[in-house]
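One line per chain: the protein sequences are A and B, in this order.
With the UniProt record's numbering, the residue at position 56 of the first sequence is 56, and numbering never jumps.
With the UniProt record's numbering, the residue at position 273 of the second sequence is 273, and numbering never jumps.
Treat the hints as calculated values from the structure; they're not laboratory data.
Where hints are given, some of them may not hold.
Claimed, not checked - Here are some, though not all, of the chain A residues that point toward chain B, as calculated from beta-carbon distances under 7 Å: (1) L9; (2) L11; (3) L12; (4) G15; (5) I19; (6) Q84; (7) K107; (8) V110; (9) T111; (10) V113.
Said to hold, decoys possible - Which bits of chain B does chain A cover? Going by a derived footprint, with three or more residues having C-beta under 8 Å, they are: (11) 261-271; (12) 280-291.
Just so it is clear, the structure is predicted and the values come from calculations on it, not from any experiment.
Beta carbons are placed, not taken as given, at the ideal position from N, Cα and C, and that holds for glycine.
Given next are the chains, with one letter for each unit.
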Amino acid sequence: MRIVIAEDLALLREGLIRILRANSFEVVEAVDNGPALIRSLTTHRPDVAIVDVRLPPTFTDEGLRSAIEARRQIPGLPIMVLSQYVEQIYARELMSDRAGAVGYLLKDRVTDVDQFVASVRQVATGSTVMDPDVVSALLTHRSTDPKLLELSPREHEVLTLMAEGRSNAAIAARMFVTEKTVSKHSNSIFTKLGLKPSEDDNRRILAVLAYLEG
Amino acid sequence: MTDNSGTARSGGSSSSREGSGPGRVARSGPIPRSALAQRMSLLGWSLVLLPGAVLGAVLATLWITSISIVALGAGIPLTLLATVLVRWFADLHRRWAADRLGEPVPARPYQPTPDAGWPVRLWTILRDPATWRDWIWLVVNSITIWLSCGLSLLFFVFGVAYLSYPLIYQLTPSQVFRTPMGEGFRLHSVAQSFGLVPLGLVFLLLWYVTAVRLANLNARVIRALLGPTEQARLRARVQQLATSRAETVDTQAGELRRIERDLHDGAQARLVSLGMSLGLAEQLLPNDPQAVQQLLAEARESTSSALTELRDLVRGIHPPVLADRGLDGALKALALVNPIPITVVTRLPGRLPAPIESAAYFAVAEALSNAIKHAQAQQIRITVEFAPHRGGAAGELTMLVSDDGRGGASIDAGTGLRGIVRRLAPFDGTLTVDSPPGGPTEVRMSLPCVS
Numbered sequence: 001m002r003i004v005i006a007e008d009l010a011l012l013r014e015g016l017i018r019i020l021r022a023n024s025f026e027v028v029e030a031v032d033n034g035p036a037l038i039r040s041l042t043t044h045r046p047d048v049a050i051v052d053v054r055l056p057p058t059f060t061d062e063g064l065r066s067a068i069e070a071r072r073q074i075p076g077l078p079i080m081v082l083s084q085y086v087e088q089i090y091a092r093e094l095m096s097d098r099a100g101a102v103g104y105l106l107k108d109r110v111t112d113v114d115q116f117v118a119s120v121r122q123v124a125t126g127s128t129v130m131d132p133d134v135v136s137a138l139l140t141h142r143s144t145d146p147k148l149l150e151l152s153p154r155e156h157e158v159l160t161l162m163a164e165g166r167s168n169a170a171i172a173a174r175m176f177v178t179e180k181t182v183s184k185h186s187n188s189i190f191t192k193l194g195l196k197p198s199e200d201d202n203r204r205i206l207a208v209l210a211y212l213e214g
Numbered sequence: 001m002t003d004n005s006g007t008a009r010s011g012g013s014s015s016s017r018e019g020s021g022p023g024r025v026a027r028s029g030p031i032p033r034s035a036l037a038q039r040m041s042l043l044g045w046s047l048v049l050l051p052g053a054v055l056g057a058v059l060a061t062l063w064i065t066s067i068s069i070v071a072l073g074a075g076i077p078l079t080l081l082a083t084v085l086v087r088w089f090a091d092l093h094r095r096w097a098a099d100r101l102g103e104p105v106p107a108r109p110y111q112p113t114p115d116a117g118w119p120v121r122l123w124t125i126l127r128d129p130a131t132w133r134d135w136i137w138l139v140v141n142s143i144t145i146w147l148s149c150g151l152s153l154l155f156f157v158f159g160v161a162y163l164s165y166p167l168i169y170q171l172t173p174s175q176v177f178r179t180p181m182g183e184g185f186r187l188h189s190v191a192q193s194f195g196l197v198p199l200g201l202v203f204l205l206l207w208y209v210t211a212v213r214l215a216n217l218n219a220r221v222i223r224a225l226l227g228p229t230e231q232a233r234l235r236a237r238v239q240q241l242a243t244s245r246a247e248t249v250d251t252q253a254g255e256l257r258r259i260e261r262d263l264h265d266g267a268q269a270r271l272v273s274l275g276m277s278l279g280l281a282e283q284l285l286p287n288d289p290q291a292v293q294q295l296l297a298e299a300r301e302s303t304s305s306a307l308t309e310l311r312d313l314v315r316g317i318h319p320p321v322l323a324d325r326g327l328d329g330a331l332k333a334l335a336l337v338n339p340i341p342i343t344v345v346t347r348l349p350g351r352l353p354a355p356i357e358s359a360a361y362f363a364v365a366e367a368l369s370n371a372i373k374h375a376q377a378q379q380i381r382i383t384v385e386f387a388p389h390r391g392g393a394a395g396e397l398t399m400l401v402s403d404d405g406r407g408g409a410s411i412d413a414g415t416g417l418r419g420i421v422r423r424l425a426p427f428d429g430t431l432t433v434d435s436p437p438g439g440p441t442e443v444r445m446s447l448p449c450v451s
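The following block holds chain A by itself, in its conformation from the complex (with noise of 0.2 Å):
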């Protein structure tokens, strides 16, 4: 799998191509500016793009506009979006156009490195996640929605880590549960909220992260 980086921190870009490489991946180019990753992601078009949020010569929120930008000229380029902070309104504007494959995830979590090299996967496939963080900043953003008052301890559970990117089976696995057991959940879920049930993963993902959104 082609990887492009862009980390301004030489020992955060070594960690994470030495991270990456020892899992397969092979990483085509390493960056440390927003204007370089535009260039890099319309030369090599990876498969997936690692970028930290804030990189020169702003040092403000440069990689993710840059990313946007990427994406505006090679619409669904799979992005995965790292930073030392999380801020929901980064997540609304790198989810906006709706088209899923990307990710947004503390640096943090890029420790647990099965975890972490799954989400990049993930995000490369065209899946959604978001970093845990996100998902209950969200679900406090609307914890007096009455329609989500409604959902069981369970299915509040099955929401969280639906939202944060996860496949059924992975939640099967997370929760050691089956996976009838969580398409059972699921279903409810989408009954109480109001959403249309689909069979995909992905589309699941995105309708429920769309629904805490607002």
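On the provided structure of chain A, position chain B as indicated by the hints.
Frame of chain A, contents of chain B only:
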């Protein structure tokens, strides 16, 4: 008071207090003149100021006459002309008084005259309190000048006259200069006139002793009557506070941004990197123990780097040693970690209020790093001294950083000293630099302490 000097030093705080009196001005002046030359120059000024006071009285009369004939029409241009003259005359005196007292020349207190017709201009001038203060000064000055400059001149003239009375007696015809002290005392011979010589010495001594004081008295009268009013002073103060507040806010915001950047790129990144190493090590453990060992070593390194960065950051915010030991201990600790020999002398009454301590510490630290960076000094000396105002805990903290380097430092040359000025401004602190090319350099900072 604890005298924590690193080297033997005599002289208590009471002798250093005198430094804040008017004498300090002469010390910081460009060329210290000899006492006699200074008095002779003041004598010269008396010869200018006394006729000036007479001229002033004429001006005051002219002015009030012009106003009284405003109704006749010709009074308006005449008043405007007289006003210009009076203001020019007052400005000359303001400058003289400020120079004498070693103070900055106060701003002109007059309201701007609108570029309009004569009646409007006249109205503005008449409504301006400064106009009337000028007039009062002209009248008062025409009297008080004789008690200050006039008296001084009189002492001198009498002194010289009595001292040279035998000569005068000899050279003048017998009808004049025979009654030096009025009709009751008549001289009959040159020998008798020698009796007046000691009196001449007394007068000259009197002149010598009082000359500076009387001139200063005159300057104070001028300052009191022509200086800025309370309102003008407050306006200037508000302006100054607004500027310093804006600078403080800017500096604070910049500091916070710097701290955020330092954390983001420093300790936080190190911790993420540490996590990455550990994560990868965990993943590789079953298959590649060799690589794991390498990763663990890197992880340990990351930890200590993160700690170092956090420590440096904390030191930049509020050094722990400052919290523990106060200004005295913190400055000594600062001196120890520098490559150049640094003498630290402090005279402090225990701990000062925390904001003062912090401002003083960073001011000295910046001045010190400035000296180390630019001065090529062999020796640096830090003197920090607290001088209490009479009867109270309030006082003034003076910090001196002097080096034997190449000099040429100035507030406008680099950002270093300007930064200190900004740091001290919220406390009404000041900074002056004495740094001739070739050195030595002395940076003098002071912080008033209110509580």
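Cross-check of the supplied hints:
The restraint placing L9(A) at the interface with chain B holds, with a minimum CB-CB distance near 5 Å, inside the 7 Å limit. Because the beta carbon of L11(A) sits about 5 Å from the nearest beta carbon in chain B, less than 7 Å, this interface hint is met. Look at L12(A): its Cβ gets to within about 6 Å of chain B, closer than 7 Å, so that hint holds up. Using the Cβ-Cβ criterion of 7 Å, the hint placing G15(A) at the interface with chain B is satisfied: the shortest such distance is roughly 4 Å.
Satisfaction of the interface hint for I19(A) is found here, the shortest Cβ-Cβ separation to chain B being roughly 5 Å, below the 7 Å cut-off. Contact between Q84(A) and chain B, as hinted, is supported at the beta carbon level, the nearest pair being about 5 Å apart and thus within 7 Å. Proximity of K107(A) to chain B holds as hinted, the smallest CB-CB distance being about 5 Å (cut-off 7 Å). Residue-level restraint check for V110(A) holds (minimum Cβ-Cβ distance to chain B is 6 Å; threshold 7 Å).
The interface hint given for T111(A) holds, since its Cβ lies 3 Å from the closest Cβ of chain B, which is under the 7 Å cut-off. The closest approach between the C-beta of V113(A) and any C-beta of chain B is roughly 4 Å, which is under the 7 Å cut-off, so the hint is satisfied. For the region 261-271 of chain B, the proposed coverage by chain A is satisfied: 6 residues have a C-beta within less than 8 Å of a C-beta in that chain, meeting the threshold of three. Proximity of the region 280-291 of chain B to chain A, defined as three or more residues with a beta carbon under 8 Å from a beta carbon of that chain, is established by the 4 residues found.
Violation of the numbered hints given earlier is absent; every hint is satisfied by the structure.
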